[in-house]
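Protein chains in written order, with the numbering used here: chain A, 1 to 237; chain B, 1001 to 1071.
Quick caveat, the hints were computed from the structure, so don't treat them as lab data. Treat each hint with caution, since some may be false.
[Claimed, not checked] Below, in silico cross-link-like pairs of lysine-lysine (DSSO-like), each with a Cα-Cα straight-line distance of 27 Å or less:
1) B:K1039 to A:K234
2) A:K4 to A:K234
3) A:K234 to B:K1036
4) B:K1039 to B:K1015
5) B:K1013 to B:K1039
6) A:K46 to A:K36
Just so it is clear, the structure is predicted and the values come from calculations on it, not from any experiment.
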Amino acid sequence: MQNKRPLLQRLLVIYVAFFIVLAVSIAHSLLPNFTKGFGQGTELGKEIAAEWMQGNPCAFYLLSDVAVHAPVPLGEADSTATGRRVQATAGCLELLVVEEAPGATPLGMAFRSIGGTPWLYALTMLNALVYPAIIVLMCIIIRSLRRSIRNECTLDRRNTRYLRAIGVLTILSELCGDLSAWWMNRRAAEVLAGTGLEVDTGFAVSYGTIIMGILVLFAAEVFAIGQQLSEEQKLTI
Amino acid sequence: MAIIINIDVMMAKRKMSLGELAERVEITPANLSILKNGKARAIRFSTLEAVCRELDCQPGDIIEYRPDPEP
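Isolated chain A (complex conformation) (with noise of 0.2 Å):
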């Protein structure tokens, strides 16, 4: 490879865009949102310890994102700073179900927690684990970019290995993400019958994040027939 430097600089500026983005996500978005989950569920704790201590165990659990047909009135609100009237409603609620549960162990409440039942629990676990192996991926595969051009052998078959993987998870983690919402929606449903609720069951598929991750597997197969015909390339004599 006759001029590397360009490319170097180029990943290396990629690079460092991914960890800034990552950062940023992080500070902005993840961290607050871990402290608010964290004091809530410090909260629940709590509240669940005190009932379990008056011997009257009972289940909490979380409804998060259910999507409603018709939005919730919140009220109006006069702005005396602006003179405006505004009309608040909610398409979104966030529902903590209380229910009694004679019986239950305190571990078995815990993986109840989430929707009411230990496989969505589980189901958003493997969800909060695929964006960090997806991070991990990314890593991965800019420094071994970075390897297999100082090394002269960009078409490496690890980084194509990579790149699938990549977009395996993408779309993995966008279905289970849909598949928990359909499932929290399902329970929701439940949970409001007779409340004059309707809570939207049908399953949302968010059709950018899957036809990204096809985009990667594209790029894959792309740096997959790259790697063979350089194969091919190197064994014609």
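Using the hints provided, position chain B relative to the given structure of chain A.
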């Protein structure tokens, strides 16, 4: 693969070593070894021409088609 390379037979007939032929054809001994062992995916016409010239033979003397046995 159904294509068999008989370059070693011709080399033996001409009493030429791998290193000597590689030097004459101007390819590396490693590449000539790949060709000799049937590991190569393709051969350039320029390489084939040089090998035929140095071994004084026809392409058919060093490349043979032998169909794979039916499974």
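| Hints violated by the structure (listed by number, smallest first) | none
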